[in-house]
Each structure stands twice: as C-alpha cells, then as structure tokens.
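**Student:** Chain residues, written in single-letter form:
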Amino acid sequence: MDYTSNEMMTVAAARALTSDDVCFVGIGLPSAACNLARLTHAPGIRLVYESGTLETKPDVLPLSIGDGELCETALVTVSVPEMFQYWLQGERITVGFLGGAQVDRYGNLNSTVIGDYRSPKVRLPGSGGATEIATGCRRIYIVMKQSPRTFVERLSFLTSLGHGPTGRERRELGVRTQGPTLIVTDLCIMKPDPETNEFRVTSIHPGVTRGQIIEATGWPIRFADDVDETPPPTAEELAALRDLNARTAKAHGTDGAVG
Amino acid sequence: MDYTSNEMMTVAAARALTSDDVCFVGIGLPSAACNLARLTHAPGIRLVYESGTLETKPDVLPLSIGDGELCETALVTVSVPEMFQYWLQGERITVGFLGGAQVDRYGNLNSTVIGDYRSPKVRLPGSGGATEIATGCRRIYIVMKQSPRTFVERLSFLTSLGHGPTGRERRELGVRTQGPTLIVTDLCIMKPDPETNEFRVTSIHPGVTRGQIIEATGWPIRFADDVDETPPPTAEELAALRDLNARTAKAHGTDGAVG
Amino acid sequence: MSEFCSLNDAIRRLVRPGDSVALEGFTHLIPFAAGHEIIRQGLTDLTLIRMTPDLIYDQMIGCGCAKKLVFSWGGNPGVGSLHRLRDAVERGWPAPLEIEEHSHSAMAHAYAAGAAGMPAAFFRGYRGSDLAKVNPNIRFIECPFTGEQLAAVPAIRPDVGIVHAQKADRTGNVLVEGIVGVQKEVVLASKRVLVTVEEVVERFPPGATNAVILPAWTIDAIAVVPGGARPSYAHGYYQRDNAFYVAWDAISRDRDTFRRWIDEHVYGRTPA
Amino acid sequence: MSEFCSLNDAIRRLVRPGDSVALEGFTHLIPFAAGHEIIRQGLTDLTLIRMTPDLIYDQMIGCGCAKKLVFSWGGNPGVGSLHRLRDAVERGWPAPLEIEEHSHSAMAHAYAAGAAGMPAAFFRGYRGSDLAKVNPNIRFIECPFTGEQLAAVPAIRPDVGIVHAQKADRTGNVLVEGIVGVQKEVVLASKRVLVTVEEVVERFPPGATNAVILPAWTIDAIAVVPGGARPSYAHGYYQRDNAFYVAWDAISRDRDTFRRWIDEHVYGRTPA
Chain U
1 MDYTSNEMMT VAAARALTSD DVCFVGIGLP SAACNLARLT HAPGIRLVYE
51 SGTLETKPDV LPLSIGDGEL CETALVTVSV PEMFQYWLQG ERITVGFLGG
101 AQVDRYGNLN STVIGDYRSP KVRLPGSGGA TEIATGCRRI YIVMKQSPRT
151 FVERLSFLTS LGHGPTGRER RELGVRTQGP TLIVTDLCIM KPDPETNEFR
201 VTSIHPGVTR GQIIEATGWP IRFADDVDET PPPTAEELAA LRDLNARTAK
251 AHGTDGAVG
Chain B
260 MDYTSNEMMT VAAARALTSD DVCFVGIGLP SAACNLARLT HAPGIRLVYE
310 SGTLETKPDV LPLSIGDGEL CETALVTVSV PEMFQYWLQG ERITVGFLGG
360 AQVDRYGNLN STVIGDYRSP KVRLPGSGGA TEIATGCRRI YIVMKQSPRT
410 FVERLSFLTS LGHGPTGRER RELGVRTQGP TLIVTDLCIM KPDPETNEFR
460 VTSIHPGVTR GQIIEATGWP IRFADDVDET PPPTAEELAA LRDLNARTAK
510 AHGTDGAVG
Chain D
519 MSEFCSLNDA IRRLVRPGDS VALEGFTHLI PFAAGHEIIR QGLTDLTLIR
569 MTPDLIYDQM IGCGCAKKLV FSWGGNPGVG SLHRLRDAVE RGWPAPLEIE
619 EHSHSAMAHA YAAGAAGMPA AFFRGYRGSD LAKVNPNIRF IECPFTGEQL
669 AAVPAIRPDV GIVHAQKADR TGNVLVEGIV GVQKEVVLAS KRVLVTVEEV
719 VERFPPGATN AVILPAWTID AIAVVPGGAR PSYAHGYYQR DNAFYVAWDA
769 ISRDRDTFRR WIDEHVYGRT PA
Chain E
791 MSEFCSLNDA IRRLVRPGDS VALEGFTHLI PFAAGHEIIR QGLTDLTLIR
841 MTPDLIYDQM IGCGCAKKLV FSWGGNPGVG SLHRLRDAVE RGWPAPLEIE
891 EHSHSAMAHA YAAGAAGMPA AFFRGYRGSD LAKVNPNIRF IECPFTGEQL
941 AAVPAIRPDV GIVHAQKADR TGNVLVEGIV GVQKEVVLAS KRVLVTVEEV
991 VERFPPGATN AVILPAWTID AIAVVPGGAR PSYAHGYYQR DNAFYVAWDA
1041 ISRDRDTFRR WIDEHVYGRT PA
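Protein chains in written order, with the numbering used here: chain U, 1 to 259; chain B, 260 to 518; chain D, 519 to 790; chain E, 791 to 1062.
Think of the hints as simulated: they come from the structure by calculation, not from any bench. Virtual Cβ for every residue (Gly too), placed ideally from N, Cα, C. Be careful, since some hints might not be right.
[Claimed, not checked] Derived pair list, reagent style DSBU-like, types lysine-lysine, alpha-carbon separation capped at 30 Å:
#1 K709(D) with K57(U)
#2 K586(D) with K709(D)
#3 K145(U) with K857(E)
#4 K981(E) with K57(U)
#5 K121(U) with K858(E)
#6 K858(E) with K981(E)
#7 K380(B) with K586(D)
#8 K316(B) with K380(B)
#9 K250(U) with K121(U)
#10 K586(D) with K404(B)
#11 K57(U) with K145(U)
#12 K509(B) with K316(B)
#13 K316(B) with K586(D)
#14 K121(U) with K145(U)
#15 K380(B) with K709(D)
#16 K404(B) with K316(B)
#17 K316(B) with K981(E)
#18 K121(U) with K981(E)
[To be verified] Taking beta-carbon pairs under 7 Å as the criterion, some of the chain E residues facing chain D (in silico):
#19 F912
#20 A922
#21 V924
#22 P926
#23 C933
#24 T936
#25 E938
#26 P944
#27 R947
#28 E967
#29 G997
#30 A1006
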C-alpha cells in the first residue's frame, strides 16, 4: 500500500501510545498522532491541550491549541494557570510530545532562534509550553522530520531540556521525570542509549537506508546492535489517519491537511 | 426604646460600613453587623466569606462560614485557595472584621491560647483566616465585648497583627494595608491616635460612663479630646436586626439568636 | 484509575496505621462516613490534616486515631470549642496529640502547592504573627526581585486524601458543586485518593464546561455513600444539621457521654 | 466599579501612551476589536504583554503601537510565523521592538501571582533552559525546606488589562465560559480593566455556582462589542475564522499589503 513518509512518521508516533497514557498534545503532527492512537488501538488515551481542555475528543484536528472543539468535546476545561500548575507541574501527564527547529543527540530542543539570540538568523516562535513540558511530563516523545539542519551537532539555543548538554544534566538539575525516551522521524525511530542517553537508531522505516539516515543527521549517528524494520502503516491505520485529515481539511476550509 | 448592649454594638459596627465596601465577614457578631448594614443603609455592600462565596446575600445569618445559603445566594463561589490568593491577598477587600479572645492597645489580636502556647490555660480555636485577614484587607474593624480579660495590657499570643507590639511595626514588616482603624465594643467606639496608633475612645454608647470603660480596659485607656455620644439604635435598625435574628433562630432550630 | 468499591474496602485498601490523612471539605461535604469507617477499623497513629478539624476530627481524636493534628482553626463553628481536641491537647486523653498549627491562608496555599508539585508554598503571610515562633514549618524567604520577606510553608502531600462529592459518572469521574473548598487540591496533592459520593449518574448535568470535575485517573477508589457528609451538608442533596452541631457541645464535653455516643452511632452502625 | 461605555470612550479613558497593556484570551476570546481601537487612537510606546501575541499583536506591532513585547509563543497558530513581529524584531520596522521572552508556564504563573498580590511567582521551571541566560527577569531561589532550586519571575501587573467575554449582566458582572485561559488572572492583576462583551443579559444562565464570573467591582469599563473577538472565536456565539488565520500569512508578509489591509479593515471602520 502507498503511503507518505509523513504518514509513516505519524503512525509510528501513534503506536508508541497506549490507553493508559495521559498526553500533553501540541499542534501539528503530535495532535495527529495522538488522535490517531485514540481512534485506533488506544481508545482510552486521555488527551490534554495546554489551553486547559482535559480529556478532549476532537472529531477533527484543531488548527490551534485552543480551538472550540477541544473545549466542546472535553470532560472539563480548566484555566491556563491551573493547567500549568496542577496538571503539568503536578506531574499528572505521562507523555508530552515535543518538536522544534533543532534537536541534538541528547534530545535537547531548540524552538527559539537560529543564530544569535540578539541578532537571529531566524526568529522562531519560542518556548510556548515546551520548556516545562520537557521537565513536567513523565516521558517525552519527540517527533520531527530528519535533516542535517534539524538534527544538529550543537543547538543555537537550548529551549527545552532533554538529557542535557552532556546527557547527564537532568538529575543534577533536580528534574525527577525521565525526559525524552523516543524520537520518531520520517526515516526512523531512535531511543537513548541506557548508559549515555545518546539517541541511537533502533528501527528503520521500510525502504530507508542507513546511508540516508547518516546523511540526514548532523552528528555521527549511531545504530543500536539490533535494528528493527518499522512495520509499515496498516490499512486500518492509514484509513483512520486519512479520514481524520480529510475531515480536518474540510472543517478548516483549507486546501490541505494541517499536521 | 429598649435595646441590649449587644444590639448597640452590632448597630454601631454596621454603621461603619458603606455601600462601597467589600467585606470579609467572620461568623457571629461581624456577620450580624454586615448583614444589618446590607439590609439598612448599605444595600450595595458586598459580603465575602472565607468559604469562597462572593457577594452573598443570606436571608438568615449562617451558623458556620460555609453554610449552604451563603453559596445559594452568592454571585459566584470560588475555591478556598483562590479566595485566599486572588481575593484576600490580592487586596480586593476593603474591610475585614476581626475579633478574638484578647486585643491590646494597638489592635493586635489573640485567638490562639491564653497562657503558655505549649501548656495553655485555655486553648482557643486558633487563627483561621485571621492572620492574613489582618494584613490583606485595606482596613480592619475589630468588634469585641469589653472587659479587663479581653482588652489587655499584654497578649498571651499575637495571632493577628494590628499596628504591632509598639504600634509601629506594620510598615517595617512590609505590610501595605492600613490595619485596624476602628474598635467597636458594647461600651464605646475607639479609633487609633494618628501619631501613636494607640486606640482611644472616640464615642461612648448612651448610658455608659467613662469609669465603666476605664474599669473594663486592661491598659490605662485614653479618651480623645472630643468624645461623642454614640447615637442609640434607631427603630429601623433595631427592627431589621431583630427580624434578622428571629429568622436566624427559626432557621437553625436553636433557641436563641446566634451572633 | 478510580475503582468503585465499598467504603469498608476502600479504607482497608488505602489507609494504613501511621499514615498522614486529609479528610477535607470546608463546612460543606465533610466526609463523616469515611471518618467513622476509619474509627471502626481501629486505625491509629494517623497524622490528621484539615483546615478546620470540625466534629469529624473531634470524634477521630477522641477515639484515639491520631498522633498529630495539622490544622488552622479548631472550633465547633458558631458553637464553641472542640472538647475532644482540647482534652487531647490539654490532658493527653485518650492519647497525647502533637499539633502543627497554621493559618487558613497558609494551609490553602500548602494544599495548592501540593497539587502543583511544588515543595513549598510562598505567600504574603504570617507577618507579625507569633505563629511563626511556635511552628518551625513557617519560614521566610526574600523575594529575588523586591527583597520583600515572603512566608513559606511546606507543601501538603498527604498519604491519603479523602473527600465527599455529589456525583460520580460510570467512568469514575467526580463532580463537586457549591462550596468547593480545597476538594480539588487535596485530591491532586494526595498519594492515594478516596472519594465518597452521593450517587452515580449516567452523565453530569449540562453546562459543566468549567465545573469542578476530577477525572477518574486522579482517584483511586470511589464509594457510593448517600448521606456520607451528614451532619455537614451536600449542596443539592441535604442541608447542614445545625442542631447536631449545637448538640455536639454537650455530647463531647464529657468522656463517657462521648464514648456512649460513639458506641451507638459509629461502632453500632454497619459500614456502608 | 464597572461602567458601560463605548469602546472608543473606554480606550480613551483607560489606555495612555507608554502603558503596559495585556490583551489576553488563549486562542479563544481574543479582544481584536479593542486592539483595533488602540491602533485607531494612535497609542504608542506600549509594552504589550500576551502569552501568544497572535494576529492581534502582529497588527498592533505592525502599526507601531509597541516599544516592548512580553510573550511566550510568537507564532500564527497552525500556520507559521508572525511576519510583522519578525520584521520588528529582525529589522526594526516600523520601530525597534524590545522583547522579554518567557515560557507559557512562567507567564501563567506570573499572571496568577499578579492576581494574588504577590511580587513574584515561584515554580518548578526553566530548568536547563537557555531562556534564563537571555532574560534577567528569570531568577532562581532555594526552597527553604528542601534546598531545591526554584524559578522565580516577577508578577505581571499591567497598567491596563483587556479581555473579551461572552456576557455581562446589568450590574456589570461578567461571565466567561469555555476556554477561560488567563482571563480572570489578567483582570485581577491589572490596575485598570476593560472588558468587551458579546451581549448584556438580565441574568446569567442557571447552574453557574462555580462558573468563571468577574464581579463588577473588579472591572472599570465594559463595552458591548458583538463579534469583538473575531477572527478568534466566542464559545456559544461564533467560531474561529481559521481561513483568515491562514490568509493572514500572505497579508502580513509584505509591508504594503499589510498597510492596505489595516487601512481598509481598521482605520476604515467606524469604532464600535
């Protein structure tokens, strides 16, 4: 069956979620992955958006983090201070999804600037919830398209803590949560080495070569001893994802699917 | 017209309130005074109880600070943390009513213990909201029956700050609010000397002598240069107060009026 | 994830001797039935946490459940003293009772800090009060921007939090209405959570977009106990039994009268 | 005490050049009409505070209203960049823009601290982030109980807070429903407060015991501006104009296109 690398990435991210998870969902691909999981193998998953909606069940993907449908389909909607205080900082969330413009080998993320902070080459949106999502959720899953510009040797700016600049800073900084345990890209799946916390490739998507992955990574990427091949999207997964995207495109009056 | 000293005290306290006030109301006499003001000359007054009820308009006096009628007649009910954070500490309240087992000449209050804290002669209920009501409201009105055991030279324990042990400690402690500006007793009305913050008698209730007041005060009480006679309760005030107490007694199934 | 069970099972599963336990409810929704079940199960050495000990802790203290009380206002509201509390503090009966005393503002902030995963609460409080002299858990920090002294108290994180609420749905989500006190905070601050409810409903009433709702995944056990807050009240269900609060003064004043009342009304009752 | 007046009068009375101003609303209830009136009145040198600058601040910045922006996420949600914001930051057009950058958690805590009369907010945040290196308003304190490092940011206390809400009653109390964001906090944190509303009603719908209601005495001015949150949305009234958010990308990319849009849609409109 035909599918895009974007679809493979979304499906692979969705598979990492279970019905026991409480997810802090960002807009775009994480939102697609979380809702795909909810519509397929993880119907019990609870989705939380930083706008304050708890256990939301949107029929279409939201364009923004505070879309009306998130509230209308939620169990309850709390204030934004309460969301960050009681729910995120209170460590009630099992999985936080993050992306960014840059990630390094230890899962540290940049969503602030490319270049110098005071005279940036590219000014990015900034942290939003990411800085405290990175430390408040029990685990972090990172979803990003892989390229040498995004998977970098050194971040321009560390917006959100992964395992720290040398992979060992979380405990030193008093952070109790696990940090990034998974990176899903359009090429492969990476997990941290248990000793060094450096991300290594553990599964390669169908049709992708090691060479492609090496070229698409700005640091000398390592491969786990046993590297799997990612099972391709099933017909059910693809159908559910495409339905979701079609509903979304129709609802938002945009030409293409968002996320 | 006949009236009790308790009625005089309640009426005198009620008169200090205006339709512009937002009152943090305690149970007992303050509750009677605030609701009397609302039912007579200050219909616009907004009553707040620490249980979280904003702008409550009870038909009978509550037996406790969290009675159902307070919520049923309120504009809205907020959580107790929000009440203490946003409404009291946020300095939204113009007048806080306080009482206690002991008050000193600077309006400092004790509602914790008589005797030593570790082996008390009498264990009192403790602070409740009083400690931060004393510093969070713009002004404090104290209402207490006067006797040498309650108006004392030295407190057993300072639960709630008035003007401080020497009358000058509020500013030093970084407190921005005015503190106690009025004491109403069953004998008289006192206000602080503008220079020393020592409470002095400014108005004497009808039929009370200076000698009675001196005997009922544990410190050498002073009198202002111009001492007024408190106007006696009017027929309207007495009728409103007695109706309120009768409704209350009936509603609570108790023999006598509470507060 | 919340599981429906009997009150007896819930207390047996969640509460252990020596635990710190918070039974909350600000005048409204005080979980009396759960407190009585703790008495019946003979749990002791508890650290009891509650802003207003009220009659429920007066009863538990009088029955010897507590070794320590953390509180901010210890009276019978509108009536007078809590005689069993005073007997324990002043004369050590039936057991000595250690007390940690706060203000309402401090405890409300400390519950909120517990819910928010903070180690401590910071607030503009305790200024000029002697409470800071007798409670080593009241400290002060300096604001790093203004230099102002701010009070600090440790976050409250009970081993067990117990509240009463109006409604659970079949999934085990819980709705609280009316005076909500610190209900949400104690649930989110506690390691193990029991909620007793008036009833189970198919779905919550409409218009609850911003209501106080506790998701099932914040609760361990739900026990359906109609009337579980009596003699306090449940908004929309029954009123406060003010006459009993007044009557408690005479019942509790004397150790023997108290014992007889407990024998008849707590031990003599079948658990829910 | 809230007074009903026209939007034009309200902005004239409450906002002065150089003020710090927070127009809040988390995706929902963004007070666009009020922002447009600020543009029409030619107010400048404002410090604009908002978690997500969104299109409203992109427009105000592009019109030269702002000298400084305090924010935590500066994008067009689901679409891309805010081009007027980037043009101001990267090229100083139409005026240089100082930025103070935070995380969402920090700003949410800072608004709550402002509402609570605190000088600063304390939270478990900013750990390991470079944001603390570039923003001197991010500091750390030590927990006096655990020794843990905690982040501190100054409380936000705007000169003027502006929010949009669904309903006011005749007394001037305001009801907010749906995604309530930091609406209550910005109102309580601000020195002067304007609320624009969809409509005035005789009384709020029943069942609002624990709703988000702002009493009249927390508000200075209320202006009735139906549609005042478009192209964002008002829960129960109208939906978000997602197509306009997408279209804004092209409109705002070019200075002249932007100017023409503002001329037609902001200056060309009669104030409400």
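**Student:** Compare the structure with each hint and give your call.
**Tutor:** Do the hints match the structure? See the list:
no., hint, in the structure
1, K709(D) with K57(U), "holds (28 Å)"
2, K586(D) with K709(D), "holds (19 Å)"
3, K145(U) with K857(E), "violated (36 Å)"
4, K981(E) with K57(U), "violated (38 Å)"
5, K121(U) with K858(E), "holds (20 Å)"
6, K858(E) with K981(E), "holds (19 Å)"
7, K380(B) with K586(D), "holds (20 Å)"
8, K316(B) with K380(B), "violated (39 Å)"
9, K250(U) with K121(U), "violated (36 Å)"
10, K586(D) with K404(B), "violated (34 Å)"
11, K57(U) with K145(U), "holds (26 Å)"
12, K509(B) with K316(B), "holds (18 Å)"
13, K316(B) with K586(D), "violated (38 Å)"
14, K121(U) with K145(U), "holds (21 Å)"
15, K380(B) with K709(D), "violated (38 Å)"
16, K404(B) with K316(B), "holds (26 Å)"
17, K316(B) with K981(E), "holds (28 Å)"
18, K121(U) with K981(E), "violated (38 Å)"
19, F912, "holds (5 Å)"
20, A922, "violated (12 Å)"
21, V924, "violated (17 Å)"
22, P926, "violated (10 Å)"
23, C933, "holds (5 Å)"
24, T936, "holds (4 Å)"
25, E938, "holds (5 Å)"
26, P944, "holds (5 Å)"
27, R947, "violated (12 Å)"
28, E967, "holds (6 Å)"
29, G997, "holds (5 Å)"
30, A1006, "violated (20 Å)"
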